[in-house]
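For reference, the chains in residue letters:
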Amino acid sequence: MTTRRSFLKIGVAGALLLAAGGAAYRWSQPAAAPHKFILDHEALAVLVAVIPAMLGPVLPADAAARAVAVQAAAGRVRDAILGLPTATQKEVQDLFGLLSLGPARRLLVGVSGGWAQAEPRQVEAFLQSWRTHRLQALQVAYLALHDLIFGAWYADPATWASIGYPGPLQELAA
Amino acid sequence: MSAIPDPIQAGLAAGWRVTDCAQLSSDSTLEADVVIVGSGAGGGVTAEILALSGLRVIIVEEGALKSSKDFKMREAQAYPALYQESAARKTRDKGINILQGRTVGGSTTVNWTSSFRTPDITLAYWNRHFGLKDYTPDALAPWFGMMEQRLHITDWPAPPNENNDLLRRGAARLNIPTALIRRNVNGCWNLGYCGMGCPTNAKQSMLITTIPSALRHGATLLTRARAERLVINGDKAAQLDCVALDAAGLSPTGRRLTLRAKHYVLAGGAINTPALLLRSTAPDPHDLLGKRTFLHPTVISAALFEQRVDGYAGAPQTVYSDHFLHNDRIDGPMGYKLEAPPLHPLLLSTTMAGFGAQHAAMMQQFPHVHALLALLRDGFHADAPGGSVALSAGGAPVLDYPIGDFIWDGARRALLTMAEIQFAAGARTVTPVHEAAPAYSSWAQAKAGINGLPFKLLATRVVSAHVMGGCAMADDERQGVTSGDGRYLGLANVSVHDGSLFPTSIGANPQLSIYGIVARLASALAQELTGKPAARPAAA
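Protein chains in written order, with this note's numbering: chain A, 1 to 174; chain B, 1 to 540.
Just so you know, the hints here were simulated from the structure itself, not pulled from any lab data. Note that the structure is predicted; figures quoted are calculated from it, not measured. Positions of the beta carbon are idealized from the N, C-alpha and C atoms, including for glycine. Worth double-checking, as some hints may not be accurate.
Covered stretches of chain B (in silico footprint by chain A; criterion: 3 or more residues with CB under 8 Å from a CB of chain A, positions within the stretch not fixed) [what the hints assert, rightly or not]:
#: 1; region: 64-75
#: 2; region: 88-96
#: 3; region: 187-200
No farther apart than 27 Å at their CA atoms in a straight line, the calculated lysine-lysine pairs in the BS3-like style are these [as the list claims (entries may be wrong)]:
#: 4; chain 1: B; residue 1: Lys133; chain 2: B; residue 2: Lys94
#: 5; chain 1: B; residue 1: Lys72; chain 2: B; residue 2: Lys90
#: 6; chain 1: B; residue 1: Lys456; chain 2: B; residue 2: Lys94
#: 7; chain 1: B; residue 1: Lys133; chain 2: B; residue 2: Lys532
#: 8; chain 1: B; residue 1: Lys236; chain 2: B; residue 2: Lys447
#: 9; chain 1: B; residue 1: Lys262; chain 2: B; residue 2: Lys532
#: 10; chain 1: A; residue 1: Lys36; chain 2: B; residue 2: Lys94
#: 11; chain 1: B; residue 1: Lys90; chain 2: A; residue 2: Lys36
#: 12; chain 1: A; residue 1: Lys90; chain 2: A; residue 2: Lys36
#: 13; chain 1: B; residue 1: Lys90; chain 2: B; residue 2: Lys456
#: 14; chain 1: A; residue 1: Lys90; chain 2: B; residue 2: Lys94
#: 15; chain 1: B; residue 1: Lys90; chain 2: A; residue 2: Lys90
#: 16; chain 1: B; residue 1: Lys262; chain 2: B; residue 2: Lys236
#: 17; chain 1: B; residue 1: Lys66; chain 2: A; residue 2: Lys36
Beyond 10 Å from chain A on every Cβ pair, some chain B residues (computed) [to be verified]:
#: 18; residue: Asp27
#: 19; residue: Asp134
#: 20; residue: Trp143
#: 21; residue: His152
#: 22; residue: Trp156
#: 23; residue: Leu174
#: 24; residue: Glu228
#: 25; residue: Lys236
#: 26; residue: Ala248
#: 27; residue: Lys262
#: 28; residue: Phe305
#: 29; residue: Arg412
#: 30; residue: Trp443
#: 31; residue: Gln445
#: 32; residue: Gly531
Isolated chain A, as found in the complex:
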């Protein structure tokens, strides 16, 4: 397994891999790639691993309820992405494509097995290192995940009671 230390040392090699990974991902797609973002199996696996690390203790503790909440949040992330310009949707698709590629996941992310096997601590370490990485592309990717996941979570009225937000005036919001 790639350790966090070796992961942080990657630097230039990582940047090249990031570029190559994005290109490889695009080449692997059909020529007439759809314009709209698709939450495919691989992208969903990334989200299911990243959402709990991003949201932390706001998710329910009960395993079954937690799984339902994560799946629902992933769906709302997809909906938020579908509201972005198509060029941005493609950038987000490329990000998930890159995160799904084995070599990128191992070297850049530090997750050696599949996302489904990633330990929560590994995912947290991945988020923290991209958050502070000297490569701007990785910081941008972290911020994209941050904004998409938090935005989708707190946009949901079901979460408002947990933060003491009463929501808009019922009579006008109906």
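Here the structure of chain A is known, so what remains is to put chain B in place on it, guided by the hints.
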């Protein structure tokens, strides 16, 4: 069902000429006296004055026509429906997030109603450095006065909400003067949801004032129509080519519109107007088009208070301080204006740095969160020259806005000021919005901490809601692409009527600057096109 009367639905029922171009099944060619691109502050004011003056007007809007029946005060619906790029428009390096409207009424449909005349010192700078001799406080006063009356811009009688009052109280303890913000509202319910479209039609946005007035006077409104390029023939625009967008506003449907007019007014905002002119390969002999784009780069300071702040409730912006705009020369170290932003869950949670337990702990305190923002006044110093708009391969605008040490110095001083004010107001903790900033528990700790933070791209959260410049006015073509009367140099029948005209940033929320300045430009244009004095709009 809401009992709020909806003037847009009533107008449509009464036969307004409005075409949702997403529904077009064939290409179309239309003619008018004047085509106006954009329905925000600049386009709305222009449309009303020209239509009242008897001119046949077509208004082209990329967004959709939404109205109070659609405004349900939910961020998840409002941002994709009413903002450019779902309220996530960004600069090229993604270092600055930009809030800009994209709907009928433009940003005025979603702004926070703060109304300031253009500061005298800004106009004096324009006189001195850009030769704009007609831009004096006295010369503009009647136009500001007319638009203040038209849009009910008056003192706000209700007390500030706690989020704003904490700015007033904290500043007072430090002997920093504050004042109250005037607002363009009529019968406001003091709800706090201005940023999601006013659900009670109290906000006097273009959506419910000038645009309906223009439509009552025979104007045509095309929605979901994107202005692609002016076809230029010699020194004139011969036609405007537009593409129809789908209902979601994301993709062209394949239907096209050709618009022909005697005159074209561009008012798509300071990113889209320069981009349209760039796509049209408009004359630009001195390489100034799309240059000097200003943002009022904005930094944010969050704090936690013992008492409830309820930053989502009540008029969003009612208190401000210009103290730090005036304690140095306008072209000295960067000055900043202090205000409070409204706090809603989606915008706050995405704005606040960090993740996991740290982020959750802050959100748990949501009703106790207070925030201040500082608008950095760009464009007055050689080291704050603004950004530039260019075109992507697909023709979409891309704004590049580098942030250098001069601006970071302003950001640091602004975060220090805001933390000091928040502690003076009684904050338990203060957290500058920065990836490396913890929650500080005293002013001494914050002062040392903020002075030690690395100020750099992506680490420091920088946002903007005020895009200006890119088609600067000047009396010398080596300094600007438009003249002081808003005419595009080198194109006899093209005017620019939006914030892109400004040769610097304003140093205040810009809506009233656009209303007043454009009212004068549009009145002169109406007189030129009709040979009669322009009609004077009045509040309904």
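For each hint, the structure was consulted:
Proximity of the region 64-75 of chain B to chain A, defined as three or more residues with a beta carbon under 8 Å from a beta carbon of that chain, is established by the 4 residues found. With 3 residues having a beta carbon nearer than 8 Å to a beta carbon of chain A, the region 88-96 of chain B meets the requirement of three or more and the stated coverage holds. Coverage of the region 187-200 of chain B by chain A holds. Counting CB-CB distances below 8 Å, 4 residues qualify, and the rule asks for three or more. About 38 Å separates the Cα atoms of B/Lys133 and B/Lys94, which puts this hinted pair outside 27 Å; it is violated.
Annotation: proposed proximity of B/Lys72 to B/Lys90 holds, straight-line Cα distance about 26 Å (limit 27 Å). Our distance criterion of 27 Å between C-alpha atoms is met by B/Lys456 and B/Lys94, whose separation comes to about 13 Å. With a C-alpha separation of about 25 Å, the suggested pairing of B/Lys133 with B/Lys532 holds against the 27 Å cut-off. Using a Cα cut-off of 27 Å, the hinted pair B/Lys236 and B/Lys447 is violated, with the two alpha carbons roughly 57 Å apart.
A C-alpha spacing of about 17 Å is found between B/Lys262 and B/Lys532, which places the hinted pair at or below 27 Å, so the restraint holds. About 21 Å separates the Cα atoms of A/Lys36 and B/Lys94, which keeps this hinted pair within 27 Å; it holds. For the given pair, B/Lys90 sits about 20 Å from A/Lys36 by alpha-carbon distance, which is consistent with the 27 Å threshold. This hinted pair checks out: A/Lys90 and A/Lys36 have alpha carbons roughly 7 Å apart, not beyond 27 Å.
Between the alpha carbons of B/Lys90 and B/Lys456 the distance comes to roughly 16 Å, so the proposed pair stays at or under 27 Å and holds. Restraint check for A/Lys90 and B/Lys94: the C-alpha separation of about 15 Å stays at or below 27 Å, so the hint holds. At roughly 15 Å between alpha-carbon atoms, B/Lys90 and A/Lys90 fall within 27 Å of each other, so this suggested pair holds. For the hint linking B/Lys262 to B/Lys236, the alpha-carbon distance of about 9 Å falls within 27 Å, and the restraint holds.
About 24 Å separates the Cα atoms of B/Lys66 and A/Lys36, which keeps this hinted pair within 27 Å; it holds. With a minimum CB-CB distance of about 22 Å to chain A, B/Asp27 clears the 10 Å threshold, and the non-interface call stands. Against the 10 Å criterion, B/Asp134 stays outside the reach of chain A, whose nearest CB is about 39 Å from its own CB. B/Trp143, annotated as away from the interface, keeps every beta carbon of chain A farther than 10 Å; the closest lies near 35 Å.
For B/His152, the requirement that its beta carbon stay farther than 10 Å from each beta carbon of chain A is met, with the minimum near 21 Å. At roughly 19 Å from the closest C-beta of chain A, the C-beta of B/Trp156 stays outside 10 Å, upholding its exclusion from the interface. Look at B/Leu174: its CB is around 30 Å from the nearest CB on chain A, clear of 10 Å, so calling it non-interface holds up. Against chain A, the non-interface label of B/Glu228 holds: every CB pair exceeds 10 Å, the least being about 16 Å.
For B/Lys236, the condition that its CB be more than 10 Å from all CB atoms of chain A holds, with the nearest at approximately 32 Å. A Cβ of chain A approaches the Cβ of B/Ala248 within 10 Å, the least distance being about 8 Å, so the stated non-interface status is violated. Residue placement check: B/Lys262 keeps its beta carbon more than 10 Å from all beta carbons of chain A (closest about 34 Å). For B/Phe305, the shortest C-beta to C-beta distance to chain A comes to about 13 Å, beyond the 10 Å cut-off, and the non-interface label holds.
With a least beta-carbon separation of about 19 Å from chain A, B/Arg412 lies farther than 10 Å from that chain, consistent with its non-interface assignment. The claim that B/Trp443 lies off the interface holds: its Cβ sits roughly 27 Å from the closest Cβ of chain A, which is beyond the 10 Å cut-off. No Cβ of chain A comes within 10 Å of the Cβ of B/Gln445; the nearest lies about 22 Å off, and the non-interface call holds. Every Cβ of chain A is farther than 10 Å from the Cβ of B/Gly531; the closest lies at roughly 44 Å, confirming the non-interface assignment.
In summary, the numbered hints that this structure violates are 4, 8, 26.
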